[in-house]
Amino acid sequence: MTRVRVLFAMAGAAVAVGLWFAFTAPTDALQGEFSRIINIHVPSLWVAFLAFGVTALGSILWLIRKKPRWDRLASASAEIGVLFTAIGLFTGMVWGQAVWGRAWDWGDARLATTAVMFFVYLGYLALRRATPDQPARAQRSAVLGTIAFVQVPLVYFSVNLFRTLHQTQSIRPDGSTMPPEMLIAMLINVLTFTLLYVALMAARTEIAVVEEAAAPVASMAGEGISPPRLGEVEDV
Amino acid sequence: MIHRRFVLLGIVGVVGLVLALTLTGLGENLTYYLYPTEAVEQRADFPDGNRFRLAGLVVSGSLIEGDDDMTFEVTDGGATVPVLLTNTAPSLFDENVPVLLVGAWFGDTFVADEALIRHDENYEIPEEGGAYPVE
Amino acid sequence: MAHETPPVAALATLNRTGVTLGNTRVLSDITFSVAPGEVVGVVGANGSGKTTLLRLIASLIAPDRGDGTVLGARLGTSEVFTIRRRIGLISHIPTTIPELTLEENLLHAVRLAGHETAKVADSLRAVGLEGSSDRKASDSSFGMKRRTEVARLLITKPSILLLDEAISGLDSDAHALIDALVDRTVGSGGAVIVVSHDPLQMEKASTVFGLAVGALTEMT
Amino acid sequence: MSFWSQTMEIARVDMSLERRTGDVTRIVVPFAVIALLVFPLALGVDLSGISRIGPAVFWALGVLFGMQVALRQTASDSPERRDLYALLGVDPAAKFTGRTISGAVLTLGFFAALLVAMVVLYSPRLPEGWLAPTLLSAMLVAIGLTELGTLAGEVTAGLRSRTSLASLIVAPLAIPLIIGGSQTLESVAREATILPWILLLLATDLALAVAGVGLARPLEEASR
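Just so you know, the sequences run in chain order W, Y, G and C. Heads up: the first sequence begins at 1 in the working numbering, then just goes up one per residue. Heads up: the second sequence begins at 1001 in the working numbering, then just goes up one per residue. Heads up: the third sequence begins at 2001 in the working numbering, then just goes up one per residue. Heads up: the fourth sequence begins at 3001 in the working numbering, then just goes up one per residue.
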């Protein structure tokens, strides 16, 4: 457990640094203080993309190697990805209400595809919950984890493919459209959230190991039946 | 394995179709909103009362606030469209701000009943004193 | 499909193989082999893992420890996909699609396995079903469905035949049919594994094992 | 060649099972038509509104109930039948393809019935030349939906809450199909090109076909 403690201590310190940057960085001319939300919104969804990518990777590796550790990686990452998608959606709604004047808009491709991604991975977690047998659960969710990833790039590129209310990426191959101070603050928070993701992953996979070890001790087939002793038992 | 060849060719096919999709401009087709230039060009496609969304920058000095409505002009650098907004605007609404309006043509005026701020990917630090104070 | 058949005579081998289903360790350490022309019997109490053992050898479940081969393919690998059609399994419940007639069930299986459908009529006559071939499987008795399975196996001619309580509940005619199927398989260089809780069903077996608490012991 | 003969055999038996049980014609189609009646009742007497939402309701109900066609009882194999297919040497990819062919034919038939019912009950204002593009997009949506349903059906095979769980998985992934289907008709109405929407549907169908064929074997292992 020490490894997890160290990681959480590092992530905690990083979050403090990230918060300091988030609250000291300059704000946008139009949005004012609301632009600080970017320091949670963007890192959350970055972690969500990363997490779902790791889920897909773990799923494919499970299908090839069939080692329980890849299944643990995929499932832990999907849980954390769903959590951070929820945080991203929530902060986005707060931000949207504050700046656009509207929390949600189904016509917007970025918002709609992100919601779809959220539901797809909720389905993934529901499938895991519904499958009691461990190898079957790993196999089935690995197939779904692979298929589900197909739409993650669609979410990311939706702002480029469609005209959206949502803005396009501020960081592009040819540079950034943000002032350096704001950009640095956001990037530090991206790093912070990534560290938090790593810590959560380490903790979740360790819990999964403990869970699997704590599963009822496998009983031997045939052990449950003993010879009938009808003569020894009275009044039956 | 025949399946492996199908899977590989299929992946190439999907990538090709997605590329073709971006080239044919799926985004332009799913008209989430029009810019003023397009709105003026396609005026005939949107008769009076036919609702669509209009995106543009509020022209500096055009904003006149009434009792429960306001008039202003929006532009995309090309065409400029006069707008009557019959609803309250979001708190950040101001001149020189990019907006998204929901409404319909009424003669030469775009009558909107909803205005959203459309912040783009560009962030700027305010000049001394802060040009856009937040209430 | 360019994998070489290992130079072993055995049609199926299990080497320290274990299987866990859910939370139950069904088979723990099974070492076993069956050679061409052999009939092997396995006797065990209810719930001792007999069906699991047969499904393991049929490549329908993968071992979680040890290894094994069937018809040269390693169990738990994709090699089994190429040899599966040479395995015949009669499980305790006959498998039929209820909405189809007995003849349609047989035709469906024969077409999927890539065999001549011309033999279907003869095969139905051979098992004595020519009078009820257009009866729906849902309206047919246990014995009729069992005979349909035998008719299928007469056409597909498996190299390894697995019988899971196959004789239980059958009349003497159907019993004789299963015996004939066993003789044909052995006669053409195949092997048969008979599994039952009933030692009386082991009459054709040259070797009989007892299965208890996940392990095999030879009983002879 | 055995791949295609197995594929056609699976599809053929699926169709004859449907003829005998009537899962689609006797249950899904009437239920969907009843759902079509619910909308006007809930909307009240605003008849112009009904004629405007007709196509949208058609696509929404088509996709929701089309999922039920793909997940119909006769297309889900019992564990014994899975074992039988495995030991007959049925290629899992052939089973996927066969199921997709039969399911797509049934779904297209269901779409046709629903479309007629929608036109009769809603009298929608349809643009000139709407029929051919609608049928083309309906065909592509039927294929994609069936592929998705077959995949989800396999992933959830044998689970207690199979039908609702499979629907939960299919519904969000079917979004590109709903968009492609409904926007094709919209484009015809706006006299715009339908090409991007057809391309979107083709890309989705092909991607799902790749997933179905490529993942058929792992899925076959998962189902036992």
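It should be emphasised that the hints constitute simulated quantities derived from the structure, not laboratory data. Check before you lean on any hint, since a few could be wrong.
[To be verified] Straight line, CA to CA, 20 Å or less: simulated EDC-like cross-link-like pairs of lysine to aspartate or glutamate:
hint, chain 1, residue 1, chain 2, residue 2
1, G, 2136, C, 3191
2, W, 66, G, 2064
3, G, 2145, C, 3083
4, G, 2157, G, 2134
5, G, 2145, C, 3128
6, W, 67, W, 212
7, G, 2145, G, 2079
8, G, 2136, C, 3186
9, W, 66, G, 2218
10, G, 2119, G, 2139
11, G, 2204, G, 2064
Given the hinted pair residue 2136/G and residue 3191/C, is their Cα-Cα distance within 20 Å? violated, 54 Å
Is it true that the CA of residue 2204/G sits at most 20 Å from the CA of residue 2064/G? With Cα atoms ~31 Å apart, residue 2204/G and residue 2064/G exceed 20 Å; violated.
Are residue 2145/G and residue 2079/G close enough, with their CA atoms no more than 20 Å apart? It is violated: about 31 Å lies between the C-alpha atoms, which goes past 20 Å.
Taken at face value, is the distance from the CA of residue 3083/C to the CA of residue 2145/G at most 20 Å? holds, 16 Å
For the pair we were handed, residue 67/W and residue 212/W, check the Cα-Cα distance against 20 Å. The hint holds at about 14 Å.
Given the hint that residue 66/W pairs with residue 2218/G, does the C-alpha gap stay at or below 20 Å? violated, 34 Å
Verify the proposed pairing of residue 2145/G with residue 3128/C, using a straight-line Cα cut of 20 Å. violated, 57 Å
Satisfaction of hint between residue 3186/C and residue 2136/G, Cα-Cα up to 20 Å: With Cα atoms ~49 Å apart, residue 2136/G and residue 3186/C exceed 20 Å; violated.
Is the straight-line distance between the alpha-carbon of residue 66/W and that of residue 2064/G 20 Å or less? holds, 11 Å
Given hint residue 2134/G paired with residue 2157/G - CA-CA distance at most 20 Å: Status violated; Cα separation ~24 Å.
Between residue 2119/G and residue 2139/G, does the CA-CA distance stay at or below 20 Å? Violated, at roughly 24 Å.
Checked against the numbered hints given earlier, this structure breaks hints 1, 4, 5, 7, 8, 9, 10, 11; the rest are met.
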